[in-house]
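Between the sequences and the hints, there should be enough to build the whole structure, so can you do that?
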Amino acid sequence: MTTLVIRGGTVLDRTGERRADVLVADGVVRDVGSGLGDADTVLDATGCVVTPGFVDLHTHLREPGREEAETIETGSRAAALGGYTAVVAMPNTDPPQDARGVVEFVRAQGEAAGLCEVLPAGCITIGRAGEQLAPFAELVDAGVRIFTDDGNGVQDPLLMRRAMEYSLGLDMVLAQHCEVSRLTQGAVMHEGRCCSELGLPGWPAVAEELMVHRDIELARLTGARIHLLHLSTARSVELVRAAKADGLRVTAEVSPHHLALTDEALRGYDPVFKVNPPLRTADDIAALKAGLADGTIDAIATDHAPHPPEDKERPLDDAPPGMLGLETALGVALAVLDLPLADVVAALSWKPAAIAGVADRHGTPIHPGNPANLVVFDPGVRWQVQPARLASRSRNTPYVGMDLRGRVRHTVLRGEPVVIDGTAQR
Amino acid sequence: MKHLRSIAEIGPDAVRRLLDLTDTMVEVNQRANPRVPALRGKTVCNLFFEDSTRTRLSFETAAKRLSADVMTFNVSTSSVNKGESLRDTIETIAAMGVDAFVIRHRSSGVPWQVSRWTTASIVNGGDGWHAHPTQALLDAYTVRTALGRTGGLEGVRVTVVGDIRHSRVARSDVEVFTMLGADVTLVAPATLLPPVPPAPATDDLDSVIEKTDVLYLLRMQRERMTEALVPSLREYSARFGLTAARAARLPDHALVMHPGPMNRGVEILVDPAELPGAVITQQVANGVAVRMAVLFDLLGSGREMEEAA
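First to last, the protein sequences are chains H and G.
For the record, in the first sequence the residue sitting at position 149 is 149 according to our numbering, with numbers rising by one throughout.
For the record, in the second sequence the residue sitting at position 59 is 59 according to our numbering, with numbers rising by one throughout.
Check the hints yourself; a few may be wrong.
Claimed, not checked - Label-pair restraints from in silico Cβ distances:
{"hint": "1", "chain 1": "H", "residue 1": "112", "chain 2": "G", "residue 2": "117", "range": "33 to 41 Å"}
{"hint": "2", "chain 1": "H", "residue 1": "381", "chain 2": "G", "residue 2": "196", "range": "52 to 60 Å"}
{"hint": "3", "chain 1": "H", "residue 1": "155", "chain 2": "G", "residue 2": "211", "range": "55 to 63 Å"}
{"hint": "4", "chain 1": "H", "residue 1": "193", "chain 2": "G", "residue 2": "206", "range": "28 to 36 Å"}
{"hint": "5", "chain 1": "H", "residue 1": "95", "chain 2": "G", "residue 2": "12", "range": "55 to 63 Å"}
{"hint": "6", "chain 1": "G", "residue 1": "190", "chain 2": "H", "residue 2": "400", "range": "50 to 58 Å"}
It is worth saying that the hints were derived from the structure and are not from the lab.
Just so you know, even glycine gets a beta-carbon here, dropped at the ideal spot from N, CA and C.
Structure, rendered in structure tokens:
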């Protein structure tokens with residue numbers, strides 16, 4: 001196997017920060033120190049930070065079923081360019097990831113693409129229909145660690161209770177899309193002043209908060225480990241903060257767009273800004289940022305949701321929700337968050353790695369002997385996204401015209417450079 | 001003015017200009033031959049994705065009286081039913097040479113989306129719950145004329161009653177009346193108000209009826225019953241309908257308006273023909289003149305209108 005040295009950067013991991021070169025061989029970190037040389041490949045990291053690769057808890061790769069929007073290969077390439085060495089592939093595929101065969105297919109396609117590790121999530125219920133539990137143990141045996149019906153919340157409280165109870169002996173986490181669907185029927189955007197003026201049906205914050213509250217209480221009852229996906233409201237953050245203070249096994253994530261954009265973005269009626277849960281208010285953004293700062297929210301997760309242009313050109317109430325995120329997450333996070341860099345990287349890397357059950361190989365300290373899943377990024381560079389140059393098969397980025405800060409330069413997967421100087425190597 | 005998509009977007013100066021221009025169009029419409037060559041050579045496409053006989057006929061009549069060529073495209077007979085996208089529909093028709101699209105669609109915001117795909121002017125003929133600016137202009141014109149005003153509507157007390165939440169007429173009318181200086185009060189149960197109402201709101205019609213110069217009744221749609229927005233039409237009528245008792249308490253000069261079509265026995269329980277202040281048929285008549293003013297403002301030039309007049 002080839003050797004690789006990352007030279008001239010600042011190494012940052014959960015053990016701290018130091019100026020050092022990193023020597024990689026045979027897929028693992030071989031040495032960390034100054035003046036390391038003599039490798040087959042030299043990656044320049046001058047002015048850059050070298051950290052463990054990012055882990056996305058929330059990626060829609062669309063394959064199988066919606067390959068015109070994204071494939072596992074194109075999504076993996078977008079992930080690698082965004083600094084991710086592992087992504088959790090959401091199970092709302094067609095067929096859905098509720099059986100071993102589909103999960104194995106997704107994992108195999110990820111390995112074939114070879115750009116990042118693809119971690120298939122499993123469904124909580126068969127067909128994500130909210131009626132019958134998916135075979136958790138079979139899927140855990142197939143390597144699944146995160147279970148979710150994402151896109152749908154599990155509406156039935158009895159079924160959710162049973163899912164939590166049944167999960168107790170298994171090495172898994174239940175991840176909830178928090179939305180009481182009876183309160184959001186036909187909803188297009190956040191319920192508030194803006195939707196009132198635009199004449200669009202509102203998605204009330206309480207529809208999320210009720211399910212956050214319900215699942216926290218069910219977790220208290222059952223002792224199950226739960227993860228709350230893409231939190232978007234101030235009250236949700238408060239509920240999770242209280243649950244953590246009570247010692248419950250609850251984790252939570254926030255998406256970059258919920259930190260960067262508000263419902264005002266819908267004023268031009270462009271469906272690219274339609275997302276579920278919807279963009280909310282400046283007050284919600286402030287609460288989400290505070291939640292990240294104090295650790296209430298564990299992870300930044302993209303909810304990367306590709307849709308082809310023809311779908312995002314439908315009338316707003318008819319267009320599918322979702323926006324791209326993999327290639328912009330770091331740039332958005334560093335542009336909008338006023339946090340120490342180590343905290344931002346923690347929320348992108350080792351904290352989500354632990355939730356996804358891959359802390360043995362992602363988010364690990366950059367120490368000799370550890371797996372070499374790494375990212376090198378320039379934290380200061382300012383840039384703007386060019387939709388036509390995205391690696392994703394879709395173009396539905398909401399960040400056109402926004403100044404982003406921080407950009408990935410190199411990504412190393414299992415010791416191999418999959419991105420060099422911002423260019424994917426495969 | 002490039003488009004008329006909402007009242008808020010064009011602002012007060014354009015609103016007053018259009019209302020003044022409507023006076024001229026009313027005069028044209030009173031002629032034996034109500035037709036002027038102002039828009040000869042221009043093509044107006046009425047693109048109706050939602051049924052609307054009266055608004056469509058009103059726009060067609062307006063365009064024809066200005067001598068524009070008119071294409072009317074109804075969704076029921078269109079290729080949209082064959083899976084063609086909205087964008088492809090617009091680009092295909094625009095390629096035939098269209099100067100203005102009049103668009104009605106059940107989805108809020110479609111006029112804004114369409115204006116990204118064509119250089120033609122866009123007139124919003126009603127989008128979802130959002131806006132119906134020509135209705136607002138004809139309502140403002142009707143009030144202005146009936147009250148003998150020439151400028152704005154300063155101090156006029158407008159009471160809008162009914163399903164404001166789902167009403168594009170209400171949203172646009174509140175905008176135009178407020179813009180012209182009127183004091184607007186909304187009357188509805190909270191279930192029929194937007195989450196953040198655009199004007200002060202009450203659910204007590206009887207408390208405001210005597211302080212009303214213009215009573216604007218909205219259409220109450222029967223399907224709202226199934227959505228638990230009101231317990232029954234009977235209860236709605238009792239609380240929010242214009243009964244004979246309420247009509248008797250209106251000030252003598254008060255106007256009664258309705259965008260049509262009326263649900264007799266629901267929001268209006270008296271015969272409007274017997275209400276001296278009812279101006280519902282004037283609203284329809286003014287609709288043609290207002291739409292002529294809008295089309296002329298978008299597509300014509302002042303010189304052509306002077307020649308025509």
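A quick look at each hint next to the structure:
1. Evaluation of the 33 to 41 Å hint for residue 112 of chain H and residue 117 of chain G yields a pass: the beta carbon distance comes to about 39 Å.
2. At about 40 Å, the CB distance of residue 381 of chain H to residue 196 of chain G disagrees with the hint of 52 to 60 Å.
3. Hint check: residue 155 of chain H to residue 211 of chain G, Cβ distance near 47 Å, so the stated range 55 to 63 Å is violated.
4. A beta carbon spacing of about 29 Å between residue 193 of chain H and residue 206 of chain G agrees with the range 28 to 36 Å that was offered as a hint.
5. Evaluation of the 55 to 63 Å hint for residue 95 of chain H and residue 12 of chain G yields a pass: the beta carbon distance comes to about 57 Å.
6. Distance hint check for residue 190 of chain G and residue 400 of chain H: the Cβ-Cβ separation is about 38 Å, which falls outside the suggested range of 50 to 58 Å.
This entry does not satisfy hints 2, 3 and 6, going by the numbered hints stated previously.
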